[in-house]
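Okay, here's what each chain looks like letter by letter:
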Amino acid sequence: MIEQTIFYILAAVALAGTLLAITEKHPVHAIMYLVTSLFSMAVIFYLLMAPLVAVFEVILYAGAIMVLFLFVIMMLDLGHPEKGISPHWKEWLPALLLSGISITSLAAIIVSRHATVSVCPAAQPIREVARRLFQEHGMAVELVSLQLLFALVGALYLGKAPSPPTTLPEKEVVKSPGEGVTL
Amino acid sequence: MIVPLEQILILAGLLFFIGMGGLLAWRANLIMMLVCIEIMLNAVMLVFVAGSAQWGDPDGQLFAIFIMALTSAEVSLALAMVVYLHRRRKTVNTDLFSEMRG
Amino acid sequence: MKLYLALILLLPLSGGLFNALLGRLLPRRLGEVVACGVIWGAFACSVLAFISFNAPEQVEYASWLSDFDFKAPIALYLDQLSLSLTMMITFVCGLIHLYSVGYMKDDASPSRYFALLNIFVFAMLTLILAANLPLLYLGWEGVGFCSYALIGFWYTEEKNATAGRKAFIVTRIGDTALGIAMVWMFQLFSTTSITELNGMGFLMPTGVITALGILLLIGAAGKSAQLPLSVWLPDAMAGPTPVSAQIHAATMVTAGVYLLIRMFPLIGSSPTTLAAIAIIGAATAFYAATCACVQRDFKRILAYSTISQIGYMMLGVGAGALTASTFHLLTHAFFKALLFLGAGCVITALHHQQDIFSMGGLKKQLPAVYWPFLAGVLCLAGFPGSGGFFSKDDILGAVFDQGGTLYGTLFAVGLLTALLTAFYTFRMLFVVFHGEASTPLNHQTLTPDTRSAGRVEPIMTITLIPLALLGLFGGFLNLPKYLVSHGLLSTFVASIPGFSALEHASDATGISLQIIAATTSLLGLGLAWSRYTGRRRAESLQLEDAGLHFTRFFLNGWYLDHLYNLLFIHPFTWLSRFLWKKIDESTIDGTLNGLARITMRLGEIPAGWSNGRVATSLIALAGGTAALLGYAVWSLM
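Chains as they are written, first to last, in numbering that gives the first Met the number 0: chain A, 0 to 182; chain B, 0 to 101; chain C, 0 to 636.
These are calculated hints, taken from the structure and not from any lab test.
Careful: at least some of the hints might be erroneous.
Distance ranges between label pairs, derived from CB positions [to be verified]:
(1) C/L601 to B/R87: 51 to 57 Å
(2) B/R88 to A/T103: 35 to 41 Å
(3) A/R130 to B/R87: 43 to 49 Å
(4) A/V110 to B/R87: 26 to 32 Å
We put the beta carbon where it would ideally sit given N, CA and C, even for glycine.
Isolated chain A, as found in the complex:
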């Protein structure tokens, strides 16, 4: 019962954080709201008997990825809401409409289903999860690692210092030396 209450509180926090995150004009604030939301998600994961995912959520999402966002925002000096273009209220209209239709439909579908029987199985120990991961999905792990490698190479390539202007004829190329930051 107490878990249920905690879940609802966490759900409310997650929703509120997400909503604030997408409506916030200041990107750094938005990231902060999102981190809040992600933390509550991590706890929800924990409540759903997935401690491993909960931990990764905190470490990877709230930790690494969001920090990466923050880093890029700060590096490109985008942290000024008055400089950035925030969405006009008119641009929210199609978003609201389409999201509203979708969520209503989804909710209607979910509600109209027969309620699933809550079987309440035993918690999965991490050892079991790890065995399953590396024994049965070893190929997937390898693929994901390859993907990460490619992302690393790509990011390195994209982020390296711009070539001399003769090879990049576009006028928009920024030639000031201060911008040539290598990631």
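Using the hints provided, position chains B and C relative to the given structure of chain A.
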């Protein structure tokens, strides 16, 4: 299960479509669009984990972990692109990038 | 016989093909020699055929159209009628070809001219010799095509090309009637052979025969320029003069008369048809004679005179006087070719001047033309003793013999027409050849140095002589009964069904009719003489030059062209314009354009989406998601 699966699914759906709405609205800022994509992926992870808990199968968790790995790859690459584009165009407004026109 | 007949047809055809295919590559003289040679060869063959002729003969060469019980082989039928016509055609056309060599000596495209001329002869001979109607129709259409191409020979001038088209289209009306008659006859009698058809007329009720006869009459009227389809012939003067001669004398306009004579055993059993033929003939003869009286274009006078003379032939057919009609057809061929060729000489000499009022006094200048032309004039006017006198009188006598109110009236009309004919013929002669030159232009023409420029080739005048002789003495072909017991032609054609059916009146009647006709002719001569020679000449010419009200009516051919305009062309133009502007452009094109515009507008809507922006794709994606989910909910409910 702490709550019925339906409630978790509705929460995931809400999060997903909030993220989608943000994605549609924030066309002026590539970084915020990526943030919204993160929200959507998170919602998907929630569905997987909830399913895993519902049927006591660790595969759902595994997929959540895969998604996380995928997300980190995607974000690193996408942010690198943001940096690249910003360097060339001095902007992150996607409406100004229309080279994909057929 | 088989060989002769084949050669008669194949020689002109091969000559035409030779000139059409190779004429441009070879020397001009060779093309002329071939063109004339094949026609004279055909004449020689027809003479040989005449010599070896015993009895009517049908020769089948090959199968042409054959399907179920429909058979139209390439078969030729030679009897006295077709033989005499073949000889006449090949002879007259041979002379015309020779004449053409002189007339067309400066023309730029002689090979086209001679090729068409040869094929013209081929088509006419096919028409004459055909043993079945489809083959006859082939020749019929070939004649129509060649006349079209030759009338519009100098097609660079709009007027000539239009005249060619007019001839083609007007004769096409008649051809359609003939085509209907042909198909109907096959449906009725299950045969297309002319001889078989002629023997089967009694099988059908008179009404059917009458209808068939009327259809054939329309066909003949189209080809022979009878009322009301006569409008094309005066305009057909746009072609070279030898072509006019050939069309009028031998190859084209007589085809209608020939058709009626040929089919007479079939259609002759219907008095209605005969009366219709006679009425049409007499009306046309009178109509054309009145028109000819006031024309001032040399060739138009002759054109109207042809219409008038063909009207006589029709009248003869209507009166059942086939021999007389054939006789007149033959003599007419001679003297009309003569007149046209003579006119061609005059026109050449005067640098293509065709207005008779600016001619005059040519008797002294062109004696070689004058005397043969005089012979032709005498024939056309029916001057006593000439060939035309006997043949025309035969027809009038036959009409008189028929008796009754209708034929009596027609006889009177024919006699009046004869008077008019004599008048306009001599008017033409006197105005052109007698008197003094009346206009400055003419004076110029007659000065020695310019006259040499319009020199008439000797070959042109030489060809006039045999025609003049034949025209003058053509009467001997078929002298009246009171002079010889049996005319040559009468005896020759007597065995053809339909030809000998006529009971001739007594000699006394014949002689008195001859005297009446001769008087009429002399009266016309006298009228013309008093009006166009001597002192009164200048006065009358001036009067006619100014143009009177009633002459304008005749000058324009009774405004027949205007009638056509009013009845057919204007409504048709209006309808075409309506269909073009309202139906085609507004309705059909408008609908299409509207549809295209709507499609374009519709296309622009999704086209605007492919603007390459990420946001658009995202909205589409979200919209798709929403739509799918919405549909899922919809199907749940």
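Here's how the hints hold up against the structure:
Between C/L601 and B/R87 the CB atoms are about 37 Å apart, so this pair departs from the stated range of 51 to 57 Å. Between B/R88 and A/T103 the beta carbon distance is about 38 Å. The supplied range of 35 to 41 Å therefore holds. Evaluation of the 43 to 49 Å hint for A/R130 and B/R87 yields a pass: the beta carbon distance comes to about 48 Å. A hinted range of 26 to 32 Å is violated for the C-beta pair A/V110 and B/R87, which are about 49 Å apart.
When each numbered hint is compared with the structure, violations occur for hints 1 and 4.
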